[in-house]
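K.L.:
Take a look at the letters that make up each chain.
2 protein chains.
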Amino acid sequence: MSYAYDATRNEHLPEAVAFPKDSGQVAEILKLATAHGFAVTPRGAGSGMSGGAIAARQGLVLVMTRFNRIVRIDADNFIGVVQPGVVTGEFQRAVAGHGLFYPPDPSSADFSTLGGNLAECAGGPRAVKYGVTRDYVLGLEVVLPTGEIIKTGVQTVKGVVGYDLTRLIVGSEGTLGVITEMTLRLRTQPQTVETLSAGFVKMADAARAVAAILQSGIVPRALEYMDKNAIFCVKNYLEGGVPENREAMLLIEADGSPGQTVEAVQGIEKVLVEHGARDVHVARDADAAAGLWRARKAISPALYTYGPHKINEDIVVPRSRLPEMVEKIRELGEKTGLTMVSFGHAGDGNIHFNIMLDKNEPAQLLSARQAVDEIFDFTLALGGTISGEHGVGLAKAPYMQKEISDAALGLMKRIKAAFDPAGILNPGKMRL
Amino acid sequence: MSYAYDATRNEHLPEAVAFPKDSGQVAEILKLATAHGFAVTPRGAGSGMSGGAIAARQGLVLVMTRFNRIVRIDADNFIGVVQPGVVTGEFQRAVAGHGLFYPPDPSSADFSTLGGNLAECAGGPRAVKYGVTRDYVLGLEVVLPTGEIIKTGVQTVKGVVGYDLTRLIVGSEGTLGVITEMTLRLRTQPQTVETLSAGFVKMADAARAVAAILQSGIVPRALEYMDKNAIFCVKNYLEGGVPENREAMLLIEADGSPGQTVEAVQGIEKVLVEHGARDVHVARDADAAAGLWRARKAISPALYTYGPHKINEDIVVPRSRLPEMVEKIRELGEKTGLTMVSFGHAGDGNIHFNIMLDKNEPAQLLSARQAVDEIFDFTLALGGTISGEHGVGLAKAPYMQKEISDAALGLMKRIKAAFDPAGILNPGKMRL
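Top to bottom, those sequences are chains A and B.
The numbering of the first sequence is UniProt numbering, which starts it at 1 and goes up by one.
The numbering of the second sequence is UniProt numbering, which starts it at 1 and goes up by one.
Just chain A, same shape as in the assembly:
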């Protein structure tokens, strides 16, 4: 039962669970699966948001948590070689011990594994400055569904020999191969980090402030927002509370050398005030900053105060279209009578959009589903995408064809067959 579910609260009982400890064992299992035609679903911590680790077609769940070794941290060349079962936060702390920095920081970093992060191409707040998981993967060891063990990519930032199998496998949601080792790019640990928060009476002003900060040439390492309902959820986490009439709150981080950080903070404060921010605070120390992030990370669980169930989407729009999207969400909330909450990575236009409901009420479920449909269409009309960092998996498979044409989907199916002729690896995901 422990290996039947993930963070989507979806549940499929597998027929068997295996805990391989090296790539040879993975190869043997996949060869058997290809020969006998049973499904294999690779699994890290099972904290995914789209059902990637769920055995949708039963078969075997391949639990990768015994691949838990940090093989090598090379402080001269800024790389780390690591197995996929290592928890992201643990790896971040290990490289920090060498003065190095692994920027990708999904909210689940304290429990999700690097293998899962790579499979889904996880994002997180720091993407606005540092990019997403994909940007840190230099090379892989991968077991193909037919049992061959291959190396992809390089150990250096540059490298163009052959097709880019590395980045094809990153984000392929465990459908093309099983990652058994990865070479990750690191940076130097920034010397200082400062955290700011600001409240806005109007959401549109907050969105304009976000754009203005980035246009000023400052690149904060996080530029997060939460809407009115999200603020309400977590106001008890916010020291001193939040004034009543705030439609939006921004949470901003700047990092670099002490000089760079001071310069960035001053620039950000100036832009915030120019755009009507009300409660501009710079966290006075690391504890106060951690408190702000606790509030930000508490949103997702705290949403259940609005209803027993949640539909959680992960859309991206060009960031100049953020006010239109927020207005659309407000309208849909009014129309359906359901509580809608949005928050997320404003600097990237990446919105975590939630509808709170009681799924046992058919009328609520129907209007929530219609609202999701409308949001996805509107997202695509604005030039966005229906998943920024959670993946397609089971949760978004029904909507995938809104974004991907038949010709492109056909090509993806042929690529899938090139890797996995028997179709044994994580079947039922992504319409592939």
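The hints are simulated quantities; they were obtained by calculation from the structure and are not laboratory data.
Honestly, I wouldn't trust all of these hints.
Each pair may be met inside one copy or between any two copies, as identical chains are not told apart.
As the list claims (entries may be wrong) - Listed below are the simulated DSSO-like cross-link pairs for lysine-lysine, each with C-alpha atoms no more than 27 Å apart in a straight line:
#, residue 1, residue 2
1, K151, K402
2, K151, K413
3, K228, K129
4, K129, K202
5, K31, K413
6, K359, K328
Since the structure of chain A is already known, use the hints to place chain B on it.
P.N.:
Chain B alone, transformed into the frame defined by chain A:
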């Protein structure tokens, strides 16, 4: 004849040349090619360094220079939509007019096209801070060899719906599809740039200085080196000349806000002096800086003073292994009696390694080829790659299997077949 060659001085006369002007025309041509089985070789400016644009199997050359339109520059969302025939430098200037910055900057930027840059995943000096072409491609319009026109990727930094076709096509050297439009990520134009140069009596000191600069947390936007023979080639370009006993010279750029740039320059000067640099100069103005870059870019053509022919390779090693590689090159120069020159992107460990010779002398040609073989083996033994930014094409196809295993090559061939069942697109490249 004009469409028979590229910068490799290789030459294959095609049977026909077409100049399509829209994706519909490209689709018609590719459909015909798939139906009738003739080869199609896409071509930009023909300035590639590995033979990618050469019609190795005759057939049709598809000249993309009429795709020369900058479709849209979106200064709010930091993206540019552009056709593949636009010259890279022209695009850089156009976006600079909006206060924006397209960092990838191959030495050929004044004449190479964006389509070619994407096909080869071009690099250049700025990769050490800003990454390579791949890191700036968000989405593509691509015509498949079977004639379907597909869109890949997104218009935002985040996006994980379906397989990453975008990055699979970038660097595929025109073998998977013909790019007809691209959405590129932009940054804000840095406010200031400063350029430094420094000489070293010992190459090993220069390499240690490179490592120390990066370990200090400073990220210069260029960190180039040239060896003794390269310096000698271009010394007339260097104001005031170069003292006799210099084994290496570094050329370094820092950018950012004025405050950040000053801080970086001071930090770099300090590290240089600590590591025994002799002639540390900060270019006094933009003209002086441009002079230093003219010298750097003059190396490649100036090499012909050492011999009528050149074998030009593009290897990458983990940057801490740079001194070992430079020593290896020196040894091979002594052993063969041929002039060997190396220069390139020290911050990335990306070495442009040249052997000067007279190809009409069979003995010279033989020892040069043996030296290349030895260099590639040594590169791979150090954990490097045999091409950082020039691609495989024809030039490196004979060596590809040194780096790519049979299992991985087999997979690449199946991917090629998934895109191009008739094998009509740029055949004979990359052993695919």
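K.L.:
Taking the hints in turn, state whether each one holds.
P.N.:
Evaluated hints:
1. In the homo-oligomer, the alpha carbons of K151 and K402 lie at most 27 Å apart only across protomers (13 Å), although the nearest pairing inside one protomer, at 34 Å, exceeds that limit.
2. For the identical chains of this complex, K151 and K413 are neighbours both inside a copy (23 Å) and across copies (16 Å), given an alpha-carbon limit of 27 Å.
3. In the homo-oligomer, the alpha carbons of K228 and K129 lie at most 27 Å apart inside one protomer (26 Å), although the nearest pairing across protomers, at 38 Å, exceeds that limit.
4. Proximity of K129 to K202 under the C-alpha cut-off of 27 Å is restricted to the intra-copy arrangement: shortest distance 26 Å within a copy versus 37 Å between copies.
5. In this assembly of identical chains, the alpha carbons of K31 and K413 lie at most 27 Å apart whether taken from the same copy (21 Å) or from different copies (21 Å).
6. Proximity of K359 to K328 under the C-alpha cut-off of 27 Å is restricted to the intra-copy arrangement: shortest distance 23 Å within a copy versus 68 Å between copies.
Of the numbered hints listed earlier, not one is contradicted by the structure.
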